[in-house]
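Protein chains in written order, with the working numbering: chain U, 1 to 537; chain W, 538 to 854; chain A, 855 to 1158.
Derived from the structure by calculation, the hints contain no laboratory data. As the structure is a computational prediction, the values presented were derived from the model and not from experiment. Every residue, glycine too, gets a C-beta built ideally from N, C-alpha and C. Please note that a few of the clues may not be correct.
To be verified - Short, incomplete list of chain U residues facing chain A, as computed with Cβ under 7 Å:
#1 Thr-322
#2 Asn-342
#3 Phe-343
#4 Tyr-358
Stated by the list, open to error - Derived pair list, reagent style DMTMM-like, types lysine to aspartate or glutamate, alpha-carbon separation capped at 20 Å:
#5 U:Lys-110 <-> W:Glu-753
#6 U:Lys-368 <-> A:Glu-1060
#7 U:Lys-344 <-> A:Asp-1050
#8 U:Lys-421 <-> A:Asp-1050
#9 U:Lys-254 <-> U:Glu-496
#10 U:Lys-344 <-> A:Glu-1053
#11 U:Lys-421 <-> A:Glu-1116
#12 U:Lys-344 <-> U:Glu-331
#13 U:Lys-386 <-> A:Glu-1060
#14 U:Lys-368 <-> A:Asp-893
#15 A:Lys-1104 <-> W:Asp-811
#16 U:Lys-368 <-> A:Glu-1116
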Amino acid sequence: MEEDPLLTITDLRIEGRSGELWHPIVKGVNLSLRRGEVLGLIGESGAGKSTLGLAAMGFARDGCRIAGGSIDFDGINLRTAPEAQRRSLRGKRIAYVAQSAAASFNPAHKLIDQYCECPVVHGVMPREQAEADAFELYRRMRLPNPEAIGFRYPHQVSGGQLQRAMTAMAMACRPDLIIFDEPTTALDVTTQIEVLAAIRDIVRQFGTAAIYITHDLAVVAQMADRIKVLLRGHEVEEADTRSMLAAPREAYTKSLWAVRSFARAERPPATGTPVVSVRNVTAGYGAVDVLKDVSFDIHHRRTVAVVGESGSGKSTTARVITGLLPPRKGEVLFNGKVLPPNFKVRSREELRQCQMIYQMADTALNPKLRLRELIGRPAEMYLGLKGKALDSRIRDLLALIELEPDTFIDRLPSELSGGQKQRIGIARALAAEPQLIICDEVTSALDQIVQEGILKLLDRLQAELNLAYMFITHDLATVKSIADEVVVMQRGVVVERGPKAALFAEPKEEYTNLLLSSVPEMDPDWLNRLLAARAGQ
Amino acid sequence: MHGIWTMIRQRLLLGMLTLFIISAVIFGATELLPGDLARELLGQSATEETLAALREQLGLNESAPVRYWNWLTGVLHGDFGMSMATNKPISELVGTRLGNTLFLALYAAALAVPISLTLGVLAALWRNSIFDRASNALALTAISFPEFFVAYILILWLAQSGIFPSMVRMTEATTTLDFLYMAFLPALTLTLVVTAHMMRMTRAAIINLLASPYIEMARLKGMSPMRVVLRHAVPNALAPIINVVALNLAYLITGVVVVEVVFVYPGLGQLMIDAVTNRDIPVVQAIALIFACAYVLLNLLADVLSTITNPRLMHRK
Amino acid sequence: MPILFSIVVGIALFFMIGFVARALLQAFAPAHLKPTFRDTPLTACFGLSVILLYVVVAIFAPMIAPFGEGEVLGAQFLPWASPHYLGTDKLGRDMLTRLIYGARNTVGIAFATTALSFFVGSFLGIWAALAGGWLDQWLSRFVDALMAIPALILSLLLLTIFGTSVLTLILVIAAVDATRVYRLARSVAQGIVVMDYIEAARLRGEGMWRLVRREILPNAVAPLVAEFGLRFCFVFLSISALSFLGLGIKPPTADWGSMVRENATLITFGDITPLLPAGAIALLTVAVNFVVDWQLHRASGLKE
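For reference, chain U alone in the conformation it holds in the complex (with noise of 0.2 Å):
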């Protein structure tokens, strides 16, 4: 028999506010839920995802409102009821599973009052009975010693904990519907995989109904029974988990999938000096190595990714190499003769060589220059370009970079978008014609599909320009999709290095296998898989 669902939204419209004018953020949304139920919300940044769970319970941000339709959670109406009745809900009957637990958590109380608060306060259970079930909670989130976690302060529990604890809160009044926003984006791949884990199994364990937000369409699908895909605050398609990925209907939903299928061949091997040679080379700051004995190549028209997790030593590596951190042992070589130590010595030739692009491209350029002084700075300083010939180069670099030259060459950076941000801090790059490029995660701040043409753009101009990138990325998809060589670092050593398909095929060292292993794949039973092969190991 079909009961009646939990929670129905019907065009539902939210407006955000910028001055004094409402914008739509999210433009007619329908929405239905059944009891138990898991719906994955997924959708690039500004599709109105966050908007759209907060709403789920009757809420909405400062500076954002609710312009229209209805909301219904369990025949109550949470566009219309008082506020008061609302907030008698949240926390007790709907509860929500912040982002970065490390923000969310309040820095001034223990785990555990902020876990009790909620019981004692909407009067679901006294105090001790509320300690009691926190312990049993954290129990079953499998958090090491769940009697005395909840005393510590937020600041003492690392963040994969603290998700776990926060889903614990979440559940403390076993509500019947928990919003999840996006709970593990900010993890590391091998934290994500337990934190995941222990919140499928909870949500299993207690039948609670769940919305789950998330970019990462790997991640979904582990998680949701179904799966609903916004684009701009729009509704582009929902279907079941299973037949949504095997087969997308529409383009946009088939575009998203398609991300991950770009890769290109890996190039013969290189021969001779190569551009850039680290050789062991150990650094740090203060009384601490960060970087430990690191050594590896970089040849021409080859792409090395240096990955690894959160705190490995990728950065560090990359100053290194450009001179802001001199090492305290070994020394890096560049086309086989030593480079000085500190950048402030080195000619103005060997800083052309190696140019860096950055993660935030919002920091990375000045605010206040327009594009023509942003990318014509480095041809004019280190080429000698002026007036007609600058000028030119302008717009030839603006044009290999896939940007209209007349549109864009008098526009300031807050006139674009993140893309196009990116795609100037790699013209700004190429206008020195360096031998070498460093790619700081120039990605990983960017939406999938934007994400796409970045890694094709700088695959198409490194076969044009005969150019050597060092990426460093934490993500391995890109990995796959665009290195030739591989160096993998835990905790300033370099695990593993080598050819990127023999990496992935045989890797070596236990944690490469367990980075490996640990990347989401688009197949709902990826989860169950890994766990039941890592509980037989």
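With chain U fixed as given, assemble chains W and A onto it according to the hints.
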């Protein structure tokens, strides 16, 4: 817990060092004057004998480090030297006046701190409401008023009608209650000026915190606005609020000078202005050092208190 | 009762001036600024028109004032009646005339002082942030030590030593205030120096001068301009307080702070004349604060 005491000890040591440097600055400032201090003070018409006498009195014949050392050791024993204008020991002049000034400052603080913290929290709670806008505009206006303007308005309003005295005259028979009554207008003037600052800064500190994800989380847990502010925002706002209070109490010290002059209040500020007018350098140095000490000690106290209220520092990993 | 009456009149005037100014601003603003002025708060409109009024009075003081600045015209403490609309002071000089010249002297001196302190403070602050190392350490520790002495107390100490003339007054207040400007300029510049685009420019091999001129200054201007308004208020109030204490601008120069001091005895007779110069100080400070508040609000609003 071990770390916190080390930290507090470090702060205390740093505070002592600051005081030492300040004493050097206050003393050394006289050395900035090109030429002869004695001639500068007595003017061109002074005779050689009077100049020599003054040099002797100021100890100008000794080298600067020696004079500084003598001065500093004297100060540490409560001996600030002699006033040039009145020929009395400075410690005698300062004695009761220091007490009066401290009394006035504490009186004003006792009024200002609770009022402004309450108003600040309320304005943050009801932000963008009429109450918030009106109190913000009023506070901005009060900040813009010179202290003597506020003081004279209060005199015109409350002293003309004879409710409160506009001058503070103390005799042997003055009781504390009389004193509270007589010092009400000066204290109220200081309160009005400081409250505006403190309230605005409290409001800003709390609103700053209300944008944090953990505040949104508290709201999504169904907590009432009052509970969100009191239980989730205020504990985290303690450190900024303590600093706001310290900053404004320190500001009181400066404000006291003008207010004492307006109300003819027998405090350090009056004494200092007289000394500046007479260019009685030893007295000015002594009072400047006392004010600076109070200022540094307040900041030190705030520093220690905000360290103690920070869970990240109290409970290390 | 008169207090209540004047508050009501004050509020009415505030709204009137605010509305009229907003209407005028919208009517005469250049096209690209029109959207900016459309939702300007009343407080800011009021502030802008008051500042404009002061500037006009300061510039055209000799033409507006009915008598000479230091002219002794007759009996002292005359009541408000033609030809001395606001009476005379304790030497028999025309009150209105001296109020008008006060706009030129008091505001002019405060402005010059702020400009000087700003130039020195922000130059040193940006330099320290960019250079870092021992230069930054030494400058910052020195400024910290100076800032550990309350501003008014330090000014009084310096004025005792150097004597009180207009020039020493300007130099002393500017020096004391420059420490505050230094702090702000340094922290603003430090926020910019950690940006990736500065790292990129350094790695490119750009020199110090170009870094300051093209990369840092354009991004530091907005917060520094708002700060200029705040510092002006502070300097203006400090100078007025010192003049009121008899240590600032000296007679016969017409100055609002010393005018309050000279005529303060009238207050005890219930005459509000000495409050006029004090009110003139307060009004300008309020106006500047309103405008600064609006600018800061706008800056923070645009970031969201």
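Each hint, compared with the structure:
1. For Thr-322 (chain U), the shortest C-beta to C-beta distance to chain A is roughly 6 Å, which falls under 7 Å, so the interface hint holds.
2. About 11 Å separates the beta-carbon of Asn-342 (chain U) from the nearest beta-carbon of chain A, more than 7 Å, and the hint is not met.
3. Look at Phe-343 (chain U): its Cβ gets to within about 6 Å of chain A, closer than 7 Å, so that hint holds up.
4. With a cut of 7 Å, the hint placing Tyr-358 (chain U) at the interface with chain A holds, because the nearest CB-to-CB distance is about 5 Å.
5. With a C-alpha separation of about 18 Å, the suggested pair Lys-110 (chain U) and Glu-753 (chain W) falls inside the 20 Å cut-off, and the hint holds.
6. Pair hint Lys-368 (chain U) plus Glu-1060 (chain A) holds up; C-alpha atoms about 17 Å apart against a cutoff of 20 Å.
7. Straight-line distance between C-alpha atoms of Lys-344 (chain U) and Asp-1050 (chain A) comes to about 17 Å, which keeps the hinted pair within the 20 Å bound.
8. The straight-line distance between the Cα atoms of Lys-421 (chain U) and Asp-1050 (chain A) is roughly 14 Å, inside the 20 Å bound, and the hint therefore holds.
9. In summary, the hint linking Lys-254 (chain U) to Glu-496 (chain U) is not supported, as the alpha carbons are separated by about 35 Å, beyond the 20 Å threshold.
10. Distance hint between Lys-344 (chain U) and Glu-1053 (chain A) is fulfilled; the C-alpha atoms sit about 12 Å from each other, no more than 20 Å.
11. In summary, the hint linking Lys-421 (chain U) to Glu-1116 (chain A) is not supported, as the alpha carbons are separated by about 64 Å, beyond the 20 Å threshold.
12. Distance hint between Lys-344 (chain U) and Glu-331 (chain U) is fulfilled; the C-alpha atoms sit about 16 Å from each other, no more than 20 Å.
13. Among the hinted pairs, Lys-386 (chain U) with Glu-1060 (chain A) is consistent with the structure: their alpha-carbon atoms are about 17 Å apart, no more than 20 Å.
14. Annotation: proposed proximity of Lys-368 (chain U) to Asp-893 (chain A) is violated, straight-line Cα distance about 25 Å (limit 20 Å).
15. Straight-line distance between C-alpha atoms of Lys-1104 (chain A) and Asp-811 (chain W) comes to about 16 Å, which keeps the hinted pair within the 20 Å bound.
16. Restraint check: the Cα-Cα separation between Lys-368 (chain U) and Glu-1116 (chain A) comes to about 51 Å, which exceeds 20 Å; the hinted pair is violated.
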